[in-house]
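Student: Letter by letter, the chains look like this.
Protein chains: 2
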Amino acid sequence: MRFTSERRLDDGVLEREFTLGEIPGILWTPASASAPAPLILLGHPPLGLRRMYPRLVARARHSVARGFAAATIELPGSGDRPRWPDVERARAGLRRAMEAGEPVGDEIIDTLVLPLVDTAVPEWQSALDALLALPGIGGPVGYSGGLISIGIRLAVAEPRVSAAVLFAGSLVPRALVEEARQVTVPLHVLLQWDDEGNDRQASLDLFDAFGSEEKSLHAHLGGHTGVPESAGEAAAEFFTRHLT
Amino acid sequence: MRFTSERRLDDGVLEREFTLGEIPGILWTPASASAPAPLILLGHPPLGLRRMYPRLVARARHSVARGFAAATIELPGSGDRPRWPDVERARAGLRRAMEAGEPVGDEIIDTLVLPLVDTAVPEWQSALDALLALPGIGGPVGYSGGLISIGIRLAVAEPRVSAAVLFAGSLVPRALVEEARQVTVPLHVLLQWDDEGNDRQASLDLFDAFGSEEKSLHAHLGGHTGVPESAGEAAAEFFTRHLT
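Top line first, the protein sequences correspond to chains A and B.
In terms of numbering that gives the first Met the number 0, the first sequence opens at residue 0 and continues consecutively.
In terms of numbering that gives the first Met the number 0, the second sequence opens at residue 0 and continues consecutively.
Here chain A stands alone, though its shape is the one from the complex:
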């Protein structure tokens, strides 16, 4: 892990860009801390860190204000990382199906999501190795948001993740819905009731599938990007209960 830039945001938060091998990432830490901070990994959709930056930094500021460190890395095939032709084709197919209002076939979902999950999750685990070795960052670790399929696999595969906030979606490979039954960490799941890109019933079924003994679903009226500010506060409360 190599830091490539460093700056102070106006609220004192230290923002550092880094690379982990070929993978760019960003770390946000409190201005000062008396003890190692618990860490929240900020997931995001595969649209590129640069495009997602405004939303990521807002989430990071909220996390840091509550005493967490927050970090994210670029997803494979996104941003400045090399394209994946298969994934690009599946993405175009997804866009066509959604614009035509047609159901999205399992094959498109599998082609789009499974390689991403298989490649991204070990990368997030490597990032975790590097981040937890830094002074000022301790455990426990939470994972928040982004593609729910990545959250499912990470929660199953990575014992250092001890709580997760997930955004319910329906573009989830069947194999990962099955994998959700193996998730045991406390979950706080957000659902947008009128999400134009996700089937509500499939999202509810996915929530039902999670094996966690402590899980809750928080559904808000509105479309995909309409999560209200109060929902962010409640998710932060959840992390505060479970990671501090």
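Since the hints were derived computationally from the structure, they do not count as laboratory data.
Every residue gets a Cβ at the ideal spot worked out from N, C-alpha and C, and that includes glycine.
Careful: at least some of the hints might be erroneous.
Cβ-to-Cβ under 8 Å is the rule here; a few derived chain B residues that face chain A [claimed, not checked]: (1) Arg50; (2) Glu212; (3) Glu213; (4) Ser215; (5) His217; (6) Ala233.
Guided by the hints, dock chain B onto chain A, whose structure is given.
Tutor: Frame of chain A; chain B shown alone:
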């Protein structure tokens, strides 16, 4: 409205029992307040105030700690109030159907719930008249919990109610599911995912039916009485956002 007893709880909360005509009730107010407190009406199932007291006083303490006044009244046919033979019969029928694991027919639900709603809601409105005339109690008013059918009618009929926390249930007359479309106040709806007494899909459909532009559903794993403490905190946050 006539106060019949008064005592200080250990945290300084003032608890006063009252009667409103024939109807017993309880009012909880802060130890001291600089401005008139907003009011939360504490709904409850028709099991009698005495039996519900431990849960009611816990909810009241939480409300008062956040600067609200809280009040409740006995439901018709419950506690020390005169029995309603028709309702008693419907209640027995409900119990038989649920113990036998049979679906509960519309007729049982209508006989059990509609007279209760028709009688209780004007009583809560009268209580509101009396409570809001007391020094130290102002608006706005929230309604919390209890039979969701009463919450629906009260939210539609009573313009002084400006936000509601409701417990989703499926034992709701079809007429009231229709009435839910007329509800416009902000709603925070709690659902127990494994509620043994309520059908999950019917509860989700009822949530969907509410006309409010701001509504959210908070589903927690567990049975009917297993609402976690954190859910109570989140509901209190909702009232703080909307009533203060």
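Student: Each of the hints needs a verdict: does it hold here or not?
Tutor: Evaluation of the provided hints:
1. With 8 Å as the threshold, the beta carbon of arginine 50 (chain B) stays out of range of chain A, its nearest partner Cβ sitting at about 28 Å, so the hint is violated.
2. The restraint placing glutamate 212 (chain B) at the interface with chain A holds, with a minimum CB-CB distance near 7 Å, inside the 8 Å limit.
3. Among the interface hints, the one on glutamate 213 (chain B) holds; its C-beta lies about 7 Å from the nearest C-beta in chain A, closer than the 8 Å criterion.
4. The beta carbon of serine 215 (chain B) comes within 5 Å of a beta carbon in chain A, closer than 8 Å, and the hint placing it at the interface holds.
5. Below 8 Å, beta-carbon pairs count as interface contacts, and histidine 217 (chain B) has one with chain A at about 5 Å; its hint therefore holds.
6. Look at alanine 233 (chain B): its Cβ gets to within about 6 Å of chain A, closer than 8 Å, so that hint holds up.
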